[in-house]
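Chemist: In my numbering, the protein residues as written are 134 to 346.
Possibly wrong hints are sitting among the right ones.
With a straight-line cut-off of 35 Å between C-alpha atoms, the simulated DSBU-like cross-links for lysine-lysine are [claimed, not checked]:
| # | residue 1 | residue 2 |
| --- | --- | --- |
| 1 | K248 | K151 |
| 2 | K345 | K297 |
| 3 | K343 | K204 |
Hint data in this document are derived by calculation from the structure and do not stem from the laboratory.
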Amino acid sequence: MPAFAGAFRASPFIEAVKRLGLRYVVITSVTRDDLADGGASQFVRTIEILHQKGNGIIVEVLIPDFGGSTKALRAVVQARPELLNHNVESVPRLYPEVRPGTDYSRSLELLSEVKRMDPEIVTKSGLMLGLGETRDEVIEVMCVLREACCDLLTIGQYLRPTPKHHPVVSFVSPEEFSEYGHIGREMGFAEVASAPLVRSSFRAAELYAKVKE
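I would like the entire structure built from these sequences, with the hints used as guidance.
Modeler: As C-alpha coordinates, this is what we get:
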(Lines of atoms letter the chains of each structure in order from A; the text may use other names.)
(Lines give C-alpha, C1' and ligand atoms only; values in the text may rest on other atoms or scores of the structure.)
Protein backbone atom coordinates (compact mmCIF):
# COMPACT_ATOMS: atom_id res chain seq x y z
CA MET A 134 0.00 0.00 0.00
CA PRO A 135 1.47 3.38 -0.94
CA ALA A 136 2.60 5.90 1.64
CA PHE A 137 1.06 9.22 0.63
CA ALA A 138 2.64 12.63 1.12
CA GLY A 139 -0.64 14.29 2.02
CA ALA A 140 -2.66 14.03 5.21
CA PHE A 141 -2.80 10.43 6.40
CA ARG A 142 -6.32 9.11 6.92
CA ALA A 143 -5.98 6.22 9.33
CA SER A 144 -9.58 5.00 9.52
CA PRO A 145 -10.10 4.03 5.85
CA PHE A 146 -6.64 2.47 5.77
CA ILE A 147 -7.22 0.26 8.82
CA GLU A 148 -10.74 -0.57 7.66
CA ALA A 149 -9.36 -1.82 4.33
CA VAL A 150 -6.76 -3.95 6.09
CA LYS A 151 -9.40 -5.47 8.37
CA ARG A 152 -11.89 -6.10 5.57
CA LEU A 153 -9.25 -7.92 3.58
CA GLY A 154 -8.33 -9.95 6.63
CA LEU A 155 -4.66 -9.14 6.26
CA ARG A 156 -2.23 -10.52 8.81
CA TYR A 157 0.87 -9.36 6.92
CA VAL A 158 1.08 -5.95 5.25
CA VAL A 159 3.77 -4.62 2.91
CA ILE A 160 4.08 -0.83 2.81
CA THR A 161 5.95 0.86 -0.04
CA SER A 162 6.11 4.12 -1.96
CA VAL A 163 7.75 5.65 -4.97
CA THR A 164 10.98 7.53 -4.28
CA ARG A 165 10.06 10.97 -2.91
CA ASP A 166 13.22 13.04 -3.09
CA ASP A 167 10.95 16.09 -3.35
CA LEU A 168 10.04 15.68 0.34
CA ALA A 169 12.35 16.92 3.08
CA ASP A 170 12.47 13.52 4.79
CA GLY A 171 12.04 11.43 1.65
CA GLY A 172 8.64 10.29 2.89
CA ALA A 173 10.02 8.70 6.08
CA SER A 174 7.37 10.33 8.28
CA GLN A 175 4.62 8.69 6.23
CA PHE A 176 6.22 5.29 6.67
CA VAL A 177 6.47 5.94 10.41
CA ARG A 178 2.83 6.99 10.73
CA THR A 179 1.64 3.98 8.74
CA ILE A 180 3.69 1.55 10.83
CA GLU A 181 2.43 3.12 14.06
CA ILE A 182 -1.22 2.96 12.99
CA LEU A 183 -0.92 -0.68 11.96
CA HIS A 184 0.72 -1.63 15.24
CA GLN A 185 -1.82 0.32 17.30
CA LYS A 186 -4.97 -0.75 15.48
CA GLY A 187 -4.02 -3.82 13.49
CA ASN A 188 -4.36 -6.49 16.18
CA GLY A 189 -1.01 -8.20 15.72
CA ILE A 190 -0.44 -7.45 12.04
CA ILE A 191 3.13 -7.99 10.85
CA VAL A 192 4.48 -4.96 8.97
CA GLU A 193 7.06 -5.02 6.20
CA VAL A 194 8.30 -1.77 4.68
CA LEU A 195 9.99 -1.52 1.29
CA ILE A 196 11.89 1.74 1.47
CA PRO A 197 14.03 3.98 -0.78
CA ASP A 198 17.46 5.08 0.42
CA PHE A 199 16.14 8.46 1.64
CA GLY A 200 19.06 10.12 -0.12
CA GLY A 201 21.42 8.65 2.46
CA SER A 202 19.71 10.43 5.36
CA THR A 203 20.51 8.60 8.61
CA LYS A 204 17.89 10.67 10.40
CA ALA A 205 15.12 9.51 8.06
CA LEU A 206 16.24 5.89 8.28
CA ARG A 207 16.44 6.02 12.06
CA ALA A 208 12.88 7.34 12.27
CA VAL A 209 11.60 4.35 10.28
CA VAL A 210 13.67 1.86 12.28
CA GLN A 211 12.47 3.32 15.58
CA ALA A 212 8.88 2.72 14.46
CA ARG A 213 9.80 -0.98 14.67
CA PRO A 214 8.52 -2.60 11.48
CA GLU A 215 8.99 -6.33 11.72
CA LEU A 216 10.82 -6.39 8.38
CA LEU A 217 12.66 -3.71 6.43
CA ASN A 218 13.26 -4.28 2.72
CA HIS A 219 15.57 -2.24 0.51
CA ASN A 220 16.39 -3.58 -2.94
CA VAL A 221 19.85 -3.24 -4.45
CA GLU A 222 18.22 -4.30 -7.76
CA SER A 223 21.39 -4.92 -9.80
CA VAL A 224 25.16 -5.34 -9.71
CA PRO A 225 27.33 -2.24 -9.14
CA ARG A 226 28.84 -2.22 -12.66
CA LEU A 227 25.41 -1.69 -14.18
CA TYR A 228 24.19 1.03 -11.81
CA PRO A 229 25.03 3.96 -14.14
CA GLU A 230 22.87 2.34 -16.85
CA VAL A 231 19.99 0.80 -14.92
CA ARG A 232 19.85 2.88 -11.73
CA PRO A 233 21.14 6.35 -12.63
CA GLY A 234 21.19 8.73 -9.70
CA THR A 235 21.36 5.95 -7.13
CA ASP A 236 24.33 4.60 -5.19
CA TYR A 237 25.08 0.90 -4.70
CA SER A 238 27.36 1.53 -1.72
CA ARG A 239 24.69 3.69 -0.08
CA SER A 240 22.15 0.89 -0.39
CA LEU A 241 24.52 -1.58 1.24
CA GLU A 242 25.28 0.89 4.01
CA LEU A 243 21.56 1.36 4.62
CA LEU A 244 21.07 -2.37 5.18
CA SER A 245 24.08 -2.53 7.50
CA GLU A 246 22.93 0.55 9.40
CA VAL A 247 19.50 -0.95 10.05
CA LYS A 248 21.13 -3.89 11.84
CA ARG A 249 23.35 -1.55 13.85
CA MET A 250 20.33 0.49 14.90
CA ASP A 251 18.15 -2.52 15.73
CA PRO A 252 19.53 -6.06 15.28
CA GLU A 253 16.05 -7.52 15.84
CA ILE A 254 14.57 -6.07 12.65
CA VAL A 255 14.58 -8.59 9.80
CA THR A 256 16.14 -7.22 6.62
CA LYS A 257 15.54 -8.18 3.00
CA SER A 258 16.88 -7.13 -0.38
CA GLY A 259 16.25 -8.03 -3.99
CA LEU A 260 17.91 -8.43 -7.38
CA MET A 261 16.55 -8.31 -10.92
CA LEU A 262 18.51 -10.42 -13.42
CA GLY A 263 18.76 -10.22 -17.19
CA LEU A 264 20.24 -6.73 -17.40
CA GLY A 265 23.71 -7.82 -18.51
CA GLU A 266 25.19 -9.00 -15.22
CA THR A 267 27.48 -12.03 -14.99
CA ARG A 268 27.08 -15.03 -12.70
CA ASP A 269 30.16 -14.01 -10.71
CA GLU A 270 28.79 -10.50 -10.24
CA VAL A 271 25.49 -11.85 -8.92
CA ILE A 272 27.25 -14.13 -6.44
CA GLU A 273 29.49 -11.26 -5.32
CA VAL A 274 26.46 -9.07 -4.58
CA MET A 275 24.90 -11.93 -2.64
CA CYS A 276 28.09 -12.29 -0.58
CA VAL A 277 28.19 -8.57 0.19
CA LEU A 278 24.52 -8.60 1.23
CA ARG A 279 25.25 -11.40 3.67
CA GLU A 280 28.19 -9.41 5.02
CA ALA A 281 25.64 -6.66 5.67
CA CYS A 282 23.66 -9.23 7.71
CA CYS A 283 20.78 -9.24 5.22
CA ASP A 284 18.40 -12.03 6.25
CA LEU A 285 16.27 -12.62 3.14
CA LEU A 286 16.78 -12.28 -0.60
CA THR A 287 14.50 -12.21 -3.63
CA ILE A 288 15.83 -12.77 -7.16
CA GLY A 289 13.68 -12.40 -10.27
CA GLN A 290 13.81 -11.84 -14.02
CA TYR A 291 13.86 -8.26 -15.25
CA LEU A 292 11.05 -7.53 -17.70
CA ARG A 293 11.08 -4.31 -19.71
CA PRO A 294 8.06 -2.17 -18.67
CA THR A 295 8.15 0.14 -21.70
CA PRO A 296 10.36 0.71 -24.79
CA LYS A 297 11.91 3.65 -22.92
CA HIS A 298 13.33 1.37 -20.23
CA HIS A 299 16.55 -0.63 -20.30
CA PRO A 300 16.24 -3.59 -22.69
CA VAL A 301 16.28 -7.18 -21.49
CA VAL A 302 19.77 -8.48 -22.23
CA SER A 303 19.09 -12.11 -21.33
CA PHE A 304 16.45 -14.43 -19.96
CA VAL A 305 17.83 -16.44 -17.06
CA SER A 306 16.77 -20.08 -17.00
CA PRO A 307 14.72 -21.53 -14.13
CA GLU A 308 17.66 -23.84 -13.42
CA GLU A 309 20.01 -20.88 -12.97
CA PHE A 310 17.52 -19.22 -10.63
CA SER A 311 17.30 -22.42 -8.62
CA GLU A 312 21.09 -22.53 -8.39
CA TYR A 313 21.23 -18.97 -7.05
CA GLY A 314 18.66 -19.93 -4.44
CA HIS A 315 20.77 -22.88 -3.34
CA ILE A 316 23.94 -20.78 -3.23
CA GLY A 317 22.19 -18.10 -1.17
CA ARG A 318 20.91 -20.56 1.41
CA GLU A 319 24.41 -22.03 1.65
CA MET A 320 25.72 -18.51 2.31
CA GLY A 321 23.42 -18.20 5.29
CA PHE A 322 20.35 -16.35 4.06
CA ALA A 323 17.36 -17.58 6.06
CA GLU A 324 15.56 -17.96 2.73
CA VAL A 325 16.04 -17.01 -0.91
CA ALA A 326 13.08 -16.74 -3.28
CA SER A 327 14.66 -17.14 -6.71
CA ALA A 328 12.60 -17.72 -9.86
CA PRO A 329 11.73 -15.79 -13.04
CA LEU A 330 8.51 -14.22 -11.73
CA VAL A 331 9.71 -13.50 -8.19
CA ARG A 332 9.37 -9.88 -7.06
CA SER A 333 10.30 -8.19 -3.79
CA SER A 334 6.97 -8.94 -2.09
CA PHE A 335 6.72 -12.50 -3.42
CA ARG A 336 5.33 -14.75 -0.66
CA ALA A 337 6.47 -12.10 1.80
CA ALA A 338 4.83 -13.66 4.85
CA GLU A 339 6.32 -17.08 4.07
CA LEU A 340 9.83 -15.65 3.75
CA TYR A 341 9.47 -13.75 7.01
CA ALA A 342 8.34 -16.94 8.76
CA LYS A 343 11.58 -18.65 7.67
CA VAL A 344 13.59 -16.21 9.79
CA LYS A 345 11.46 -17.03 12.81
CA GLU A 346 11.75 -20.82 12.52
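Chemist: Against each hint, give a clear statement of whether it holds in the structure.
Modeler: Against the structure, the hints:
Taking the CA atoms of K248 and K151, the gap is near 31 Å; set against the 35 Å cutoff, the hint holds. At most 35 Å may separate the alpha-carbon atoms for a hinted pair to count; K345 and K297 exceed this at roughly 41 Å. A distance of roughly 30 Å separates the Cα atoms of K343 and K204; the hinted pair therefore holds under the 35 Å criterion.
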